[in-house]
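We have chain A already, so just place chain B on it with the hints.
Protein sequences, first through last, are from chains A and B. Going by the working numbering, the letters in the first sequence line up with residues 1 to 298, in that order. Going by the working numbering, the letters in the second sequence line up with residues 1 to 298, in that order.
What you were told as hints is all true, and nothing was included just to trick you.
Since the list can't tell identical chains apart, any single copy or any two copies may satisfy a pair.
Heads up, simulated DSSO-like pairs for lysine-lysine below, C-alpha to C-alpha not over 30 Å straight-line:
| no. | residue 1 | residue 2 |
| --- | --- | --- |
| 1 | K208 | K145 |
| 2 | K145 | K67 |
| 3 | K215 | K7 |
| 4 | K145 | K48 |
| 5 | K208 | K263 |
| 6 | K67 | K48 |
| 7 | K262 | K249 |
| 8 | K67 | K206 |
| 9 | K263 | K206 |
| 10 | K249 | K101 |
| 11 | K101 | K7 |
Just so you know, these hints were derived from the structure itself, not from any lab. Given the structure is predicted, the values throughout are model-derived calculations rather than measurements.
2 protein chains.
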Amino acid sequence: MSALTFKEWSTAHQHRFEEVLRNLLPPSDIAPVRLHAAMRYSVLDGGKRVRPLLAFAAGEVCGAELKLVNFAAAAVELIHAYSLVHDDMPCMDDDVLRRGKPTCHVQFDEATALLVGDALQSLAFHLLTERSPNQDASRQLQMVKLLAAASGSRGMAGGQAIDLDSVGKQLSLPELESMHIHKTGALIRAAVLLGAHCGEEPGQEKLKHLDHFGKCVGLAFQVVDDVLDSEADTATLGKTAGKDADNDKPTYVTLLGVQAAKKMASDLHGEALDSLQEFGEEARRLRELADFIVLRKF
Amino acid sequence: MSALTFKEWSTAHQHRFEEVLRNLLPPSDIAPVRLHAAMRYSVLDGGKRVRPLLAFAAGEVCGAELKLVNFAAAAVELIHAYSLVHDDMPCMDDDVLRRGKPTCHVQFDEATALLVGDALQSLAFHLLTERSPNQDASRQLQMVKLLAAASGSRGMAGGQAIDLDSVGKQLSLPELESMHIHKTGALIRAAVLLGAHCGEEPGQEKLKHLDHFGKCVGLAFQVVDDVLDSEADTATLGKTAGKDADNDKPTYVTLLGVQAAKKMASDLHGEALDSLQEFGEEARRLRELADFIVLRKF
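Extracted from the complex, chain A is given alone in its bound form (with noise of 0.2 Å):
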């Protein structure tokens, strides 16, 4: 799809990726429906499909078989989807919109949006094993290990944990930045890292500089995400605006202001695409990924 404009590419692979979702999630008339109806909900029709992107584009770099590249992506989502379920019910963020619906345990009730969080893990990891007679079962593995670190205590989940203790707290920059790593940065690096292990092993050093290149771009989206909340009105950002700064969270806007966090985020974009120069066209996407991130409303 090299000849794709990149809003070309983009849509075309976020179509073709709500059916590959649509298909891999558990039918709404299957027992028990309820619960498959929530994560439905939660997952379908919502998101810019960002970090299944960022896996495609990384799949692009390595040769990977697109049908491969699926599963990858999809564990990736519904990873984040369920942590999006979960940090939005009444003991985290208590938000009521999200991606301009109601979140799932106002839709559905808050024992179904915690099940539904738990059972889209658990799927996760079950897509993750499908098999592909052109891959090897060790790399497959090792993709459920990656997926397993950038989830658990020492990824997301430990930076959700961080982000719960900071409530309040006058944090560093760096301190900061150490929470974000955690608790957006992770799983964005495994999109990139699974994206490119569904294809031609790329090499210690070529793997060195994706993962780079997923850290520099995780951190970028977090900030670009700090500036959009303090900037934007809830009809623009489909979720309740300024709710960060009203829980008196540390954000990079807060911390630095808003032209300096802008600044932060423009340096990590060239940073990101400085990370990709080894590569040729074929990180094309990649690229205009980066640019989209930190580009996308200013």
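Leaving out everything else, chain B in the frame of chain A:
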């Protein structure tokens, strides 16, 4: 350890396994410390470790290396522990006591309990990726799939969803059975099969028998739990007694009466032992575990 009595065998494994868990759980002096402390609080020093014992016993049947079964047993136990933490939360069973200690959300807080469950699930899958030179990667991947299926919406989490929907309803015996086959049964079956998968390939026929054993024992476990819950007092049980009946949840006792429930447990016990007929002395611990699960209190 075939010269040991069952009591000696199980106590030795319980003590040994406690050390295994202590070493596999993240230390509580590593960030995020509160989350790690809460994970350890929720897993360590508790329970009879029935699922790990089943994995060890099934591992013996298939001549598995103990080091390998440790990871599988720990993975199953972490899934079980996470389900208890989430189950005890206010939006689910709202329990304050578990294994004689305050539940995780009482001892810590709700948000931490939510993350503890999430992170324990990730860690369970992480452990199953620990490589051993003696095991084939495709069999390990098969184990990940097995645990994911047993945990997800068509396994344990699905059983909990059916349980939620059943409050205040009159269930038929087949409906109650279907709920428990998912809610408790799936993970107990998985424990047996995971232990078996750590050893030599037992062949489809033997696996089928082991699976049927797991199914019967899993169901018997729940029936016995219902009987104990209706008869025991809170101190003996280590959790709030009579809770299910109070909550107007259907149980084998409310549906069948105590005597018929005991008869059902005894029938399942017999069926479990029957399915081990073609195994010899190497299945001794599985037989003893079936006895223990059914006869522990009456």
